[in-house]
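Student: Could you put the whole structure together from the sequences, leaning on the hints where they help?
Chain order of the listed sequences is Y and A. With the numbering used here, the residue at position 92 of the first sequence is 112, and numbering never jumps. With the numbering used here, the residue at position 265 of the second sequence is 285, and numbering never jumps.
Hints are computed from structural coordinates only; laboratory data are not their basis. Computed from a prediction, not measured in an experiment: that's the story for all the values here. Any given hint could be a false lead.
For chains that are exact copies, the list does not tell them apart, and a pair is met inside one copy or across any two.
BS3-like mimics (lysine-lysine), calculated; alpha carbons at most 25 Å apart, straight line [said to hold, decoys possible]: (1) K29 x K75; (2) K216 x K193; (3) K221 x K193; (4) K55 x K153; (5) K272 x K220.
2 protein chains.
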Amino acid sequence: MATLDDIAKLAGVSATTVSRVINNYGSLSEKTKTKVFEAMRELNYQPNSLARSLKGKKTQLIGVILPGVSNPFFGQMVQEIEDQLFKKGFRIILCNAGSDAEKERDYLRMLMANRVDGIIAGSHNLGIEEYQKVGLPIISFDRYLSDEIPIVSSDNYHGGELAAQALVRSGSKKLQIITGANHPNSPTNARLTGFKDELKKSDLDFDVMEISFSATPNIKGLKIKELLSKREVDGIFCTDDLTALLVIQQAKALGMRVPEDVRLVGYDGTNFIQSYHPELTTVMQPISDIVMVMIDLLLKRVDDHDCELEDNYVLPVKLITGETTA
Amino acid sequence: MATLDDIAKLAGVSATTVSRVINNYGSLSEKTKTKVFEAMRELNYQPNSLARSLKGKKTQLIGVILPGVSNPFFGQMVQEIEDQLFKKGFRIILCNAGSDAEKERDYLRMLMANRVDGIIAGSHNLGIEEYQKVGLPIISFDRYLSDEIPIVSSDNYHGGELAAQALVRSGSKKLQIITGANHPNSPTNARLTGFKDELKKSDLDFDVMEISFSATPNIKGLKIKELLSKREVDGIFCTDDLTALLVIQQAKALGMRVPEDVRLVGYDGTNFIQSYHPELTTVMQPISDIVMVMIDLLLKRVDDHDCELEDNYVLPVKLITGETTA
DNA sequence: ATGAAAGCGCTAACAC
DNA sequence: GTGTTAGCGCTTTCAT
Chain Y
21 MATLDDIAKL AGVSATTVSR VINNYGSLSE KTKTKVFEAM RELNYQPNSL ARSLKGKKTQ
81 LIGVILPGVS NPFFGQMVQE IEDQLFKKGF RIILCNAGSD AEKERDYLRM LMANRVDGII
141 AGSHNLGIEE YQKVGLPIIS FDRYLSDEIP IVSSDNYHGG ELAAQALVRS GSKKLQIITG
201 ANHPNSPTNA RLTGFKDELK KSDLDFDVME ISFSATPNIK GLKIKELLSK REVDGIFCTD
261 DLTALLVIQQ AKALGMRVPE DVRLVGYDGT NFIQSYHPEL TTVMQPISDI VMVMIDLLLK
321 RVDDHDCELE DNYVLPVKLI TGETTA
Chain A
21 MATLDDIAKL AGVSATTVSR VINNYGSLSE KTKTKVFEAM RELNYQPNSL ARSLKGKKTQ
81 LIGVILPGVS NPFFGQMVQE IEDQLFKKGF RIILCNAGSD AEKERDYLRM LMANRVDGII
141 AGSHNLGIEE YQKVGLPIIS FDRYLSDEIP IVSSDNYHGG ELAAQALVRS GSKKLQIITG
201 ANHPNSPTNA RLTGFKDELK KSDLDFDVME ISFSATPNIK GLKIKELLSK REVDGIFCTD
261 DLTALLVIQQ AKALGMRVPE DVRLVGYDGT NFIQSYHPEL TTVMQPISDI VMVMIDLLLK
321 RVDDHDCELE DNYVLPVKLI TGETTA
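Tutor: Right, dumping it as structure tokens:
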């Protein structure tokens, strides 16, 4: 692979001059510029960004740590992150942390070793104290990581309220929440709180069922089947859309009709769900806006490591009404 | 951020020694090792992989160029790639090329500039001659890129045959194929050919409808609606599962029953579809195996740029039978 | 068992 | 308008 020196030799100038041409810096004669450009073309030259970054420049690399990209919600989020970051000249290193805290720690070390300019983190793992001392700009999605790390999230509390309202409005009397395991400090808990608080107004009964985020769809389906077979609930709020899909599936299998026998509200409202399951009433998170805010904040910190930021940035959610609460 | 020299000073040894400790190289006394390790811990030291790579080492970075990760198929594929590569000590730079050839070219340049060790590419863009001269190990998924680049794919031809068989077996008489726009040199065409060839045996009629891969679900839905309203077909093969979902949606809206009025076979068989749409008959691509082969080949080329590889690696597909062809 | 010194490819004063 | 030089943080001979 050609180096700056190769170009310099071929163009008959010094390395500095080539560097100047590349970075469009200082004053160059048209003649040299042309010569250098030609040489670059001829050797199919690409400046070694490793060397560049070594000299103190940014790497233009951002680490993205999320549970995993096979989930449509995070798939869309990563796509959005990649898209917006690309336009600003950054690339991303994708880190699927899954539910493996050790892997997440490894990734954190690697990202430090690679001198990424910053990190966007939104995994579900807890107790990773390493976040305290990465010494790199970090923005978190929807999780508390450390006191210094700003959290961007949608308005989970209001989302919970909206879900409750939709269920109540549709005439449900015996309500059920199906949610991931209860993580302390997680803004996601607010979905629950909002839901409960809203219900207090109407004095209705409800139950909470927790199913680990990392359980397989089969396991989740089983638990849902158990729940539904009792035929005791007529309104369900799932704190994510995929679980809601499972409820529809199991209800159908049990001969229960949605929404006649049981009403249903999901959460997330990805493009995928909106296109392929428009029947589902759900609370839509503004993924694009969330990402925009995260990137904005992150790049601010990249430019100035010590710039002051709020602890929390909360973006509005929206209820999308489908037939499952008709 | 601490450097090797900082550690050397703190431990009271030379930089060379620290380097030896890090790389577990040459002969070291236990005493020095301990001192150095302590210093590293104290300063939360991470070796600068940029500097390391500059010295001729590999970057342990692999570029992954795909249409986009918000599609469940590619989402699962990327997740699989990331997973398998992580275990071998590599990280990935994610490049969503979308349907933007210029973006793909940009990414190619960036990947060269970043000195990634290799590239896995499976975008849908055509006419990117740059692949000819990247000078980096590349493996392609399901697309022809250049004569030197091996293609790994599932057995598209047999997949087409299986789809046809399933439809015929279920008693369909007037068949329809819905597929992406016909790209020259794309192994995906084989799905069509396999389907057609199989049909010749049974002497049934069929039509082909092309819908661009990059069309929105709404657009696709519209075309499908037009098609279905004529009520002329009773068996449909979609060359991807998401389109099949759209067919189910439109059929329902038109009051047509699946499979009574129209039978349906999809293609891909992701975990997502298997879990959330088990009713869909589909041809499953062995994503995990495909990725394993791609990575195996890629790493061979990383170790030895000139190692001989086959042009094509074809992995077996499997028909998953659901109720849409019952 | 350890250190000194050169160099990977690039940028940025500092000359002229 | 262009060249010289000194590093960035690390690895790697070659000494000792």
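Student: The structure should be examined with respect to each hint, and the outcome stated for every one.
Tutor: Hint by hint, here is what the structure shows:
1. K29 x K75: Classified as both; 22 Å inside a copy, 22 Å across copies.
2. K216 x K193: within (14 Å within a copy, 55 Å between copies)
3. K221 x K193: Answer is within: at 13 Å inside a copy they meet the 25 Å cutoff, but 58 Å across does not.
4. K55 x K153: between (48 Å within a copy, 22 Å between copies)
5. K272 x K220: neither (31 Å within a copy, 38 Å between copies)
In the structure shown, a violation is registered for the earlier hint numbered 5 alone.
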